[in-house]
Amino acid sequence: MTNDKSQMTNYMENQKPIVHRKDLHWWEMFYIPQIIGGMKITLTQVFRPKFTRQYPEEKWNPPPSFRGRPVLVEQNGVERCVACGLCSRVCPSLAIDVQASETELSKERYPVKFEINMLRCIFCGFCEEVCPEEAIVMSKEFELTFTHQADGIFGKDKLLIPVEKLKDRLEFLRKMR
Amino acid sequence: MVKITIDGKQYEVENNLTIIQAAKQNGIHIPHFCWHPHLSVSGNCRVCLVEVEKMPKLVIACSTQVAEGMVVNTNSERVVQARNAVLEFILINHPLDCPICDEAGECKLQDYAYKYSVGQSRFDFEKVRKPKRVELGPNVMLDTERCIMCSRCIRFCDEVAKKPQLTFTQRGDHVELTTFPGEQLDNPYSMNVIELCPVGALTSRDFRFKARVWDMSSTDTVCVGCARGCNMKMWVRNNEVLRLTPRNNPAVNDYWMCDYGRLNTFKHVNAANRIKAPMVRKDGRLVEVGWDEAIAKVGFELKNFKKNEIAALGSAYSTNEDNYLLTKLMNHLGVKRIDFVPHIRKGEQDDLLIREDKTPNSVGAREVGVRPESAEFGFASILNEIKAGNIKALYVIDDDIAADPVIADALLKLDFLVVHASNENETIKFADVVLASSTYAEKYGTFTNFQGRVQRNKPAISTLEHDRILDGMALSRLDKFGAPNDRWTTGLKRDTRASWRILNSIAAVMGAKWKYNSCEDVFNEIASTISSFKGLSFLKIGTGGAMLNKNKETVTVKS
Ligand code: SF4
Ligand code: SF4
Ligand code: SF4
Ligand code: SF4
Numbered sequence: 003m004t005n006d007k008s009q010m011t012n013y014m015e016n017q018k019p020i021v022h023r024k025d026l027h028w029w030e031m032f033y034i035p036q037i038i039g040g041m042k043i044t045l046t047q048v049f050r051p052k053f054t055r056q057y058p059e060e061k062w063n064p065p066p067s068f069r070g071r072p073v074l075v076e077q078n079g080v081e082r083c084v085a086c087g088l089c090s091r092v093c094p095s096l097a098i099d100v101q102a103s104e105t106e107l108s109k110e111r112y113p114v115k116f117e118i119n120m121l122r123c124i125f126c127g128f129c130e131e132v133c134p135e136e137a138i139v140m141s142k143e144f145e146l147t148f149t150h151q152a153d154g155i156f157g158k159d160k161l162l163i164p165v166e167k168l169k170d171r172l173e174f175l176r177k178m179r
Numbered sequence: 013m014v015k016i017t018i019d020g021k022q023y024e025v026e027n028n029l030t031i032i033q034a035a036k037q038n039g040i041h042i043p044h045f046c047w048h049p050h051l052s053v054s055g056n057c058r059v060c061l062v063e064v065e066k067m068p069k070l071v072i073a074c075s076t077q078v079a080e081g082m083v084v085n086t087n088s089e090r091v092v093q094a095r096n097a098v099l100e101f102i103l104i105n106h107p108l109d110c111p112i113c114d115e116a117g118e119c120k121l122q123d124y125a126y127k128y129s130v131g132q133s134r135f136d137f138e139k140v141r142k143p144k145r146v147e148l149g150p151n152v153m154l155d156t157e158r159c160i161m162c163s164r165c166i167r168f169c170d171e172v173a174k175k176p177q178l179t180f181t182q183r184g185d186h187v188e189l190t191t192f193p194g195e196q197l198d199n200p201y202s203m204n205v206i207e208l209c210p211v212g213a214l215t216s217r218d219f220r221f222k223a224r225v226w227d228m229s230s231t232d233t234v235c236v237g238c239a240r241g242c243n244m245k246m247w248v249r250n251n252e253v254l255r256l257t258p259r260n261n262p263a264v265n266d267y268w269m270c271d272y273g274r275l276n277t278f279k280h281v282n283a284a285n286r287i288k289a290p291m292v293r294k295d296g297r298l299v300e301v302g303w304d305e306a307i308a309k310v311g312f313e314l315k316n317f318k319k320n321e322i323a324a325l326g327s328a329y330s331t332n333e334d335n336y337l338l339t340k341l342m343n344h345l346g347v348k349r350i351d352f353v354p355h356i357r358k359g360e361q362d363d364l365l366i367r368e369d370k371t372p373n374s375v376g377a378r379e380v381g382v383r384p385e386s387a388e389f390g391f392a393s394i395l396n397e398i399k400a401g402n403i404k405a406l407y408v409i410d411d412d413i414a415a416d417p418v419i420a421d422a423l424l425k426l427d428f429l430v431v432h433a434s435n436e437n438e439t440i441k442f443a444d445v446v447l448a449s450s451t452y453a454e455k456y457g458t459f460t461n462f463q464g465r466v467q468r469n470k471p472a473i474s475t476l477e478h479d480r481i482l483d484g485m486a487l488s489r490l491d492k493f494g495a496p497n498d499r500w501t502t503g504l505k506r507d508t509r510a511s512w513r514i515l516n517s518i519a520a521v522m523g524a525k526w527k528y529n530s531c532e533d534v535f536n537e538i539a540s541t542i543s544s545f546k547g548l549s550f551l552k553i554g555t556g557g558a559m560l561n562k563n564k565e566t567v568t569v570k571s
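Quick mapping for you: the protein sequence lines, in order, are chains A and B.
If you want the working numbering, it's the 1-based position in the first sequence plus 2.
If you want the working numbering, it's the 1-based position in the second sequence plus 12.
Rather than coming from a laboratory, the hints here were simulated on the basis of the structure.
Here are the computed lysine to aspartate or glutamate pairs in the EDC-like style, where the Cα-Cα straight-line distance is at most 16 Å:
1. K441(B) with D421(B)
2. K288(B) with E436(B)
3. K144(B) with E106(A)
4. K109(A) with D109(B)
5. K160(A) with E143(A)
6. K552(B) with E537(B)
7. K288(B) with E300(B)
8. K222(B) with E104(A)
9. K319(B) with E397(B)
10. K144(B) with E110(A)
11. K552(B) with E532(B)
12. K348(B) with E388(B)
13. K109(A) with E157(B)
14. K21(B) with E65(B)
15. K505(B) with D479(B)
16. K425(B) with E321(B)
17. K144(B) with E188(B)
18. K144(B) with E104(A)
19. K142(A) with E166(A)
20. K222(B) with E110(A)
21. K245(B) with E118(B)
Take the sequences, apply the hints, and build the full model.
Take a look at the structure:
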C-alpha cells in the first residue's frame, strides 16, 4: 500500500512543469532574413541533379523482401496448393475463399476455386507464412486498380504464376526461415 | 462406493468403475485414443497412463479398476513424460498430412500432440508407407498411413453393429486395417466409425473435401429419417447443409446414427428442385405468386365448399406444431375428416436404432389431433370419398402422397387441392395452390419419437423468415465476420415458411382469431390443452428431449 502511494507521489513529482517559450528577439520577428534563407535552399536544389522516378513510365523493381499482392505458385502446370484452407483461416481480413476438391494426383486435394478479394487484402503476408506447401507467396506486384468492386476478386486465372517467375521471393523465404 | 483421490482431490465413486470412468464422471479429462465409453476396453494406445500411489509402474486408466483409498495422479512428472513418449511413438509413422486430411480441426491426435507432447521427434528415418485412398465400403474411405491401430472401428463393428467386417493384418509397424476377404464395410451403421476414429484414417466419402470443420456452423437438432429421431448436429456453410453427425443422447441413440439417416435426410434441403415461392395454378400451369395472393386464394376457394366436402391430411414428417394448427384450422372450419398417411416399411427395423416407421412424428401427429374420430373419417375412407366425388377439396401438408399411384389417381377427381411442399414432387402436379414450406432444417418445432419422447429441432438454414443473427441461429466464423456482400454469404435464402405459420395466415383470412408469434407460442398452447404434453416447454425439452405424460386422457383440440 505504502509502496503504491510513494510511486504515485513520484509520478506527480516527475511531471514536467509547463514550459514558457522565450519571447522572440526583435531581429527574429523581422522575418525577411528568414525568408531569404529559405529561398537560398530552394534555389540551390533547383540546380542539383533530379532523383524523382518518372513513374509510371519508369518502373520500380522491388527487392525480394517486398510484399506485393499474394499469388499462387504454379509448378509443372498445376498449383502447389492442396486447398488446406489454412491461409483462408489465418487471413485477418477474411480475403481468401478456398473450395477443395479431389484430384487424381498424389496430393489428393486441390482447389477447384481459389479467390482472393484484393479489396480486403492488407498485404500482411500471413497467408504466405502459414502455408504448409509454400504455395502462396507475396509477389512484387503492387499496381492494383479496379473500376468495379467485382474486379477486385482475383480467381485462379489471375493468381497462378509459374514458379520460375517467383524465384526471388522463394529464395528469400528460404533464407529467412 | 469407494473413496479415491485424483490429483489431490477426494471423490466418492462406484466401485466397479475404472479410473478413466471415475475421472470422467468428475470432469477430469484423461487423454485416450482407444477407450470409448460404449466399447469394450482394449488398452492398446497407452496414452491414458496415470500414476497410482504404491504401484511400481504407471498404469493405464482405462482398464484399472478403482479401489478404496486409491491415490491417482494424472499430471505428475512421470505421467507427463510417459505421455509425451507415447505420443512420440505414435507419431513416428504418422504421415502428418493434416493439410489434406478431413479430420484436421477435430482430430484427437492433433489436439493431444498440441497439448501433451513437446512437439519434436527424434526419428529421422523414412516413414513406413501404406495404402492411401482405400475405399473401405460405399461410405467410408480409409487412409492406412494415418491409422494409429486403436481398434475402435473394429470393436464398433463387432460389438455395436454386430457385423464383424474389419480386422488388422500384419504385425508391428506394418499393421494394416482392412476388411475381411470378400467383405466391405457396408453395415447400416458403418459411418459411425468416422467419428470413432480418433484420427483421419476413416473419413466420409460423401463429405470428402467439402469443407473445413472450422468454416461450418453446427446446430443441435434431430434426424427425421425414422421414428427413432436420433439426436444429431447439422453442419452448415454458406447456408448449405454439408454433413450430419450424431450427438450423444443415452435415452435415444447413444453416440450413433445410421448411414441412411446421415446421408438421406439433408440433400433435399439443398436440392435444386426446391420450391422457391408459393404457386397458384393459372390456365393449367403453376405460376409463382406472392404469399398474400396464394393465401387469399386458399381462403377464398375453401369457403366455396361445404364442411363435409373438405378433408385434410397432416403429416408425420411435420412437427407437432404444424399438425396441431392443421387440426385447429379444420376444427374451425368444422371439417371432421383428418388423418395422415403412414410410411411404414414392414420389417425394415433392427434392435439398435432403425425403426420401420420411416417418419419422425407419427406419435406426435396423432397426439396433437391428426387422427380420425372414427374409421369412417380415416384415410381409407377419405380416399374412397374422393373417388366417389363426395370430397371435393383436400388440404395436404408436407407429404408427397401422390408418390403412391393409387392415391395419385384419386387426386385427379378433386376440385381443389392445396399442398404444402418444400420440393417439387408428384403431389404438386395435381395441386391448385402450392405453398412453399420450410424443411425441418429451416424451422423451429418439436417431433415426438416412437418412445413418446418430445424432441426439438432448430433451424440451421436461414430463410427470409429466419435471419441467422437476429434469430440466434448457430454462426460459423464466416457468418460472424463476413460482410453481407462477401461471396461466402451468397448462399440461397429462400422465401419459404414453416407450415404452422402458413396455416396461421390461412386461419386469419378465414376469420379465426389466433395469436401466435412464434413456434413456441404454438407449443405452449399444445402443452396447456393436450394432457399428454402437460408441463412441457421448450426449456424443459432442451437438447435432450422430454417424455410425454403417460397417464393421459385424450382431449380433442378446440378451434
Ligand atoms: S496478405 Fe494477409 S490480408 Fe492479404 S490475403 Fe494474405 S493473409 Fe489475407
Ligand atoms: S495455405 Fe497454402 S496449401 Fe493451404 S489453401 Fe492456402 S495456399 Fe493452398
Ligand atoms: S482406422 Fe481409426 S478407429 Fe480404426 S484402428 Fe485405425 S485409428 Fe483406430
Ligand atoms: S435410426 Fe432413424 S432417426 Fe436414427 S439416424 Fe437412422 S434414420 Fe435417422
